[in-house]
Structure formats: C-alpha cells, structure tokens
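Chemist: Taking the hints into account, I'd like the entire structure generated from these sequences.
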Amino acid sequence: MAELETLSDVVSRGNRAEAKKITQELIDAGMAPGEVLDRGLIPGMKIIGDKFKNNQAFVPEMLIAARAMKEAMIVLEPLLLGQGITPKYTAVIGTVQGDLHDIGKNLVALMWKGANIGVVDLGTNVTPAKFIEAAREHKAHIIGMSALLTTTMTIMQATIQGIRQANLPGLKVMVGGAPVTQEFADRIGADGFAADAATAVERALALIENTPVQV
Amino acid sequence: MTPRERVLAAVEHREPDYTPMDLGGTPVTGIHCSIVEALRKHYGLPQRLVKVHEPYQMLGMVEDDLKEAMGVDTVGVPAPNTIFGFPPENYKPWTAPWGQDLLVPADFHTTSNAEGDQFIYPKGDMSVGPSGHMPASSFFFDTIIRQPEIDEDKLDVEENMEEFELISDSDLKRFASMASAARKTGRCVVANLPGAALGDIALVPAPFLVNPKGIRDITEWYMSLAVRQDYVKELFARQTAIALQNFKTINDACGDDLDVVMLCGTDFGTQNSTFCSNDTFRDIWLPYYRQMNDWIHANTKWKTFKHSCGAVIPLINSFIDAGFDILNPVQCSAGGMDPQVLKEQFGDRITFWGGGVDTQRVLPFGTPEEVRQQVSERLRIFSKNGGFVFNTIHNIQAKTPIENLVAMLETRRQFNGQ
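Sequence lines, in order, name chains A and B.
Note that the numbering used here numbers the first sequence so that position 20 is 16, with each residue one more than the last.
Throughout, the numbering used here is defined as the position within the second sequence, counted from one, plus 2.
Because the hints were derived from the structure by calculation, they are not lab data.
Among these hints, one or two may not hold up.
Below 20 Å or equal to it, Euclidean Cα-Cα: the simulated SDA-like pairs (lysine to any residue) are [what the hints assert, rightly or not]:
1. Lys401(B) x Pro175(A)
2. Lys47(A) x Ser279(B)
3. Lys126(A) x Gly158(A)
Modeler: Next comes the structure, spelled out in structure tokens:
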C-alpha cells in the first residue's frame, strides 16, 4: 500500500495523476477518507506553502500543487460527504468592489482549501452587500478580501464598516493585496492581514481559533 | 544638453546636466487621463479634451505643452495597435464613467450593463464578446479571460502564435511616421516595439484577438511555466524569430529615429518575491531575451528597456546578462528593493528608469512633505554617475493628489539647482 508521506510528496510536487491514484489506493486499502485528507493531502499543501514562504517555490508550483489536491479530492469528496464530514471552518473570499485583479485572491483561496477550510469564492468586484449576504448564508467564520489597486484599497474600509454594521458576531475579516500593509489593515479595522498566500493560512486559522500565530 | 542628450547620457552612465525625466513615454511610465486633465489645469494650459492613447490603463496623452511645463525629456512612439487590437488614431469623444469628457480612438467601442460597468471589444468588433471590463467604480479596464478548458492532447503552439506576425506595411508606415515626428521634438524617442514581450500576463489573454486560441487563461499560463516548459520555450523561440525580423524591418524604415526601445513588460516580481526562480528565468526566458538584445546591440544604437514590477532583486543580474540596458519601474516598495542596495550592486551596469517615488503609498496617500523627502532621497541615491531616469514607480494612477505631483516635480527642479 502506498504511504501517506508519498501522497503528501506528490501533492507538493503537483503530480495530479499520482495524487489521484495514490488517494484511490489508500481508500481501496481501507483507510478512512478523513485520514487521507488530514494526513496525506493537507500536509502536502503545507510542504508547498512553506517552500513558497521561503522562496523555494513560486506561483506556478503552488498552482499545480493545488490542482493535484483538487484531483485527489474528486475521489475523497463524495466519501467525506457520505460520512457527513465537512470542513470545520468556512471562509468567504473575493476582491473588493471595482477590483478585478484576482491572482493573489485565488492563491489564498487555494491555500485555504488546502488547509481544509471550506471556501466560498465570490470572485472579483464584490460589493459589501454580497460579502455580507454570503457570510450570513454560509455561516462563515472569516471573510477574506483583497485589492491590488490604490484606487480600490480604500473601498476595503467601507466594506469592513458595512460588515461590522451587519451584526455577524464572531466573524473575522482578513485583508491582503500588493499595496495593503499591516498598518493599513489596522487603520481600517481589519482583524488580520497576510503578505502572502501561505501566511494567510496561519493567520486565518489563528484568527478563527483565537490562538497566537506560530511564525 | 538637449532632452535627448540628457537621457542618453544617463543611460550611458555619464552624469547629465540635469536629472532626466520620463512621463508618458511608454504604457508603464504614463499618467491616467484624469490626472493629465488636472495637471493641465494646474499649469494653466489650454483646456482641451485629453486623448486616451492607451485604453487599457486609460493613459492620457502628455502633449508638448504639458511636457514643457513639467520638464519631460522623452517622447513615446506607441506600438501600431493598442492592447485591444485597434490603432490609437482618429480620435472621437467619449464620456468616462467618472464624468470626464475624453477623446478615444475611433475603434474604441463600449457597452455597459445595469451597474454601469463598461465593456470593450477586440479590434472594435462588437459581433463577438468583449475582451475588456471596467467595473463602474474603477478607472481602467482589465482583460476578460475567454479561454475554454484546455484539452491537453490537442495543445498546439501554433494556436498561441496568432498575434505574432510580420509587421504590415500600413502599421510600419504609421509607426515610422510617428517616429519621424517624435525625432523632430528634440526629446529622447522611446518606442514600444510590438510582439517582443515574452509571456506578459497582460497580453496572454489576447484582448486584441477576436477569437483567441491556445493557452489564454492566467492560471493555466502560470501552471504551464511549471508543467509545459517545452511548449513555452517553443512559443518563445518562434515568437523571437518573428520579432527579430520585425526589428530589422523597423530599423530599415526608421531605426535612426528611435533611441530607446521597450521590449517586454513581463512582470517577474510579486510584492515580496519573484514569480520564478533565477534558474527558471535563465532556462526559459534569458536565451530569447539575449537573442533580441544581441541583435539590437549589433545592428542599432537603440537602448533596450525591460519592465518588471515587484521584488526582482534576485533576477537583476540575469536581466543584465540578458543584455537589457534599462530596468523599469524599480519598485522600491517591494521586498528587498532598497534604493541604496540597488544602486551599489547594479547601478553601474543597468539604468534605473523609475524608482522616483512610491505609487503604492507615498504619492497617492502621503503628504506633499513626505513626497518631497522621498523624491529628494531617491534623486540623491540614484542619480550619481548617471544610470537614472526619473519616473514614478509605474503609471500615475487616478485620484493621485495634484499637490503631491507638484511636490514631486518641484523637488526634481530644486535638486537640479532651479
């Protein structure tokens, strides 16, 4: 039987055919789908996330790793759903109103999925009302919003104000995007900020679980 | 020195009489049309409709009187066609969503939806879907991805080659005529050579093609850099072969009228890192960039201009090895891009065309005093021994306070003793 470590390795290398094959083999050998996810796929995404953070892997490598995990999830998802297993946390994500630049937002969504956070991706040019509506509908734990432009990053503040007024207790808001800084995030009342997609996983989990971030 | 001599001295790493400046010479050193109008008003110039010569980022033409007022040393020669596939000519009136009356090229056709978003069409052809989208609250277009799902077994490099072709006689005539007019201004002529950008992510979706085929989705393209490297290399090789033929044609037609040529706007940097390793850059891109630079340096007097945003400090030696003379926009707000380090490590081997002021925070959101301080420091660091052309870091965006731009321009004057 293939090893879980091998699965993590092929996911981190973006080998989607092997990722799917090994996942199927592990399931066929009787392993619980939740275990394959927690001990095979998620650690694989953690490997590539750490490499990305350390400039040992780059956007293309992150994208193919996420694609490999997605391929493996084709096998796992129906089994997990059949057992009533859903992600523990849910996130809503999008670029702010007026901003169509979504490469960074997509990377964060992929990495959150890779950490088994359920992600509702609202895409680009998302109005404050749409963020609020989706957070309410999906009982989200966190909203992630991004802006690439100096002309749209100011809209983040209005979006956060709208979210605060919507009375969604416990909902956290994270911001990111090239011109966005921790200082800006603090000033507009965001709960968190991450400079890259790998760090966004740690920050989001720390915010949701209310634990200090391990850097 | 004439403006042209001033820029060329700087690019040849000789100290010019005055720090040269580019504003409006290229699609990455320009000014948003709303700011061009505000600057004209500030300088008391005749109020007339601003021409949008670059409709993707809605850059306004910086005309001679405004150049004179600001002290601009460059003049641009745009590529024969805009990013939406139509020529920047035969201007007509258009009112932007922010209420500004403008002049846009004749084939700039738009539709809007109930929310007020604007949509623009490839080659102005409204019989197909739009290729650009400007949200109602935005100030420029972004490309619309029109690529269906990739069929791995049917991928053919030929399909990614549609836009790379020999320059037509009519495009060449128009380009040469603009170059000739530019030469007469006495400013340094900066031309945007068509078809030389290798994998520029703004161009991959082909917003200029009516029906783009091949790999045209941004995510799919980035993944191709990891899993389809042979495809990418073949594409770059074939593209480069055509580019070299076009360089020769353009050089024969108007080579003496050009000083600086912008070859490629492919971004290799993110805010904190690079899009690829240095090894990958040297494997996939460098051989083709070198072919272009080598041909240009062997056959012309042109200086070559490479644009890449982001934290590219690990790649600058490779840009130099590839033969580039000029790096833009020198994003000092990105990870590791410290002006002093850049000047010390690379300043005698490549010209920094940009880096003059941070457009992510200081210019749009800072005070005039903060602008003065930063511009003054950048001028002091970068201008020593030449190798520096002053420019903001990338285009000046909408909503930038005019008092900050004036502070920037005054600081350059004061630095040069005026």
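Chemist: So, for every hint listed, does it hold in this structure?
Modeler: Status of each hint after checking the structure:
no., hint, in the structure
1, Lys401(B) x Pro175(A), "holds, 15 Å"
2, Lys47(A) x Ser279(B), "holds, 12 Å"
3, Lys126(A) x Gly158(A), "holds, 11 Å"
No hint from the list above goes unmet by this structure.
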